[in-house]
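S.K.: Since chain A is already given, all that's left is putting chain B on it; use the hints.
What follows is each chain in one-letter form.
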Amino acid sequence: GIQVEQSPPDLILQEGANSTLRCNFSDSVNNLQWFHQNPWGQLINLFYIPSGTKQNGRLSATTVATERYSLLYISSSQTTDSGVYFCAVGSNSGYALNFGKGTSLLVTP
Amino acid sequence: DTGVSQDPRHKITKRGQNVTFRCDPISEHNRLYWYRQTLGQGPEFLTYFQNEAQLEKSRLLSDRFSAERPKGSFSTLEIQRTEQGDSAMYLCASSLGGLGLAGPDTQYFGPGTRLTVL
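Residue numbers (this note's numbering), protein chains in the order written: chain A, 1 to 109; chain B, 1001 to 1118.
Calculated from the structure, these hints are not laboratory results.
Even glycine gets a Cβ: it sits at the ideal position worked out from N, Cα and C.
Not the full set, but computed from the structure, chain B residues with beta-carbon under 8 Å of chain A:
#, residue
1, R1031
2, Q1041
3, P1111
So that you can see chain A by itself, here it is in the shape it has in the complex (with noise of 0.2 Å):
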């Protein structure tokens, strides 16, 4: 199946700093989505971003498909920023999304 490398794994920021997570997959794509899981484990929607470029509030993300990877950028985070961000890959094969491992974000004061 096609494999979802995330980077870092660890994050620790100070409240204010910017930071890049980063989503390499090993195949083409038609799906492709991040989520923010939150301390009590609910998975919330990001961004659906199988390529191109959005932005919401302080959150961005970029994706080039022909080059198998994702970005999402966190501006000015904010103690509420921490948990765990997930990039999630669905393959031309089927429907199901392909998790990477996540990488856990603690911003402190």
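M.R.: Relative to chain A, chain B alone:
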């Protein structure tokens, strides 16, 4: 839009018992998915329904697992003869899809059912 709901939120059972989980998708969504997440890992796909038809199953879904979506609305996931290795968070997701379309779309996740097998 009330979101995807799952019941129960937590389940503790003894090894060898059967358990059943329920998922209610977002009301107009015709696609429903089950995933399993263990500690420190990303969710892993188990199975997919389009309306009432189960169209895709992962090899993770052993013969002790069965899923149904009888009327194309809510879904149940049953685990028979539970084992300690079944302890995990079971997540349900739904998406809108489109009648006659084969394309992917945004999946929305429920809060999950946390299963602990003693």
